[in-house]
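Make the full structure from the sequences, and use the hints.
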Amino acid sequence: MLMRTDPFRELDRLTQQLLGTPGTWSRPTTMPMDAYREGDEYVIALDLPGVPADAIDVDVERNMLTVKAERRPVAKAEDAQMELSERPLGVFSRSVMLADTLDVDRIKADYDAGVLTLRIPIAERAKPRKISIGTGDTGHKEISG
Numbered sequence: 000m001l002m003r004t005d006p007f008r009e010l011d012r013l014t015q016q017l018l019g020t021p022g023t024w025s026r027p028t029t030m031p032m033d034a035y036r037e038g039d040e041y042v043i044a045l046d047l048p049g050v051p052a053d054a055i056d057v058d059v060e061r062n063m064l065t066v067k068a069e070r071r072p073v074a075k076a077e078d079a080q081m082e083l084s085e086r087p088l089g090v091f092s093r094s095v096m097l098a099d100t101l102d103v104d105r106i107k108a109d110y111d112a113g114v115l116t117l118r119i120p121i122a123e124r125a126k127p128r129k130i131s132i133g134t135g136d137t138g139h140k141e142i143s144g
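Residues in the sequence shown are numbered consecutively from 0, following numbering that gives the first Met the number 0.
Hints in this document: simulated from the structure, not taken from any laboratory.
Mimicking EDC-like on lysine to aspartate or glutamate, the simulated pairs with C-alpha atoms at most 20 Å apart in a straight line are: (1) Lys107 to Glu40; (2) Lys107 to Asp39; (3) Lys126 to Glu37; (4) Lys67 to Asp33; (5) Lys107 to Glu123; (6) Lys67 to Asp111; (7) Lys126 to Asp99; (8) Lys126 to Asp39; (9) Lys67 to Asp109; (10) Lys107 to Asp33; (11) Lys126 to Asp104; (12) Lys107 to Asp46; (13) Lys129 to Asp39.
Derived Cβ-Cβ restraints for the label pairs, each shown as a range: (14) Pro72 to Ile130: 57 to 63 Å; (15) Lys126 to Ala74: 47 to 53 Å; (16) Lys67 to Val42: 17 to 23 Å; (17) Gln80 to Lys107: 42 to 48 Å; (18) Thr116 to Pro72: 23 to 29 Å; (19) Asp109 to Gly135: 51 to 57 Å; (20) Arg61 to Ala112: 30 to 36 Å; (21) Lys107 to Ile130: 27 to 33 Å; (22) Ala74 to Asp39: 39 to 45 Å; (23) Glu77 to Lys107: 40 to 46 Å; (24) Asp104 to Ser84: 37 to 43 Å; (25) Ile121 to Gln80: 50 to 56 Å.
Being a predicted model, the structure only gives us computed values, none of them experimental.
Glycine included, each C-beta is placed from N, C-alpha and C at the ideal position.
See the structure below:
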C-alpha cells in the first residue's frame, strides 16, 4: 500500500475538530465553474460531484443567478467507524450576475455525471441586426432581424 505524506493533514484534522464536525463546512463555499458562449447562448457548467439532483437549487432574481447545492453524508451502518473524512459536506453556493443581453426566462438546466449545465439564450434584442439604408426619394431606413 502506498502512503502519501501530507504535512498539513494533521493540522487540518485538528482544525476541523476544534471548529466543528469533521468533514462539514458551516459556511457556504463556492463550486468550480466554466462559462462560455456557444452560438446564440451562454453556457455555464458547474462541478457538483456527489450531489444528488434533488439537492440542487437554481434561482434567478432579476439578473442574479444563484446555484445552491448540498452534499450530505453517505448513510453508513450504525457500527461503522469513520477512519478518514476528506470529502467536504454541507452547502455550496455560487452567484453570477447575468448581463441584460441574456434571456433569463428561458434558462435550461441539465445535470449529468456531477456537472450542472445551464444554457442561457441571448435575448433577441441583443442579437446583431442589419439596417438597410434607403436612397433617393424613398427616404426610409429598415431594420431587419
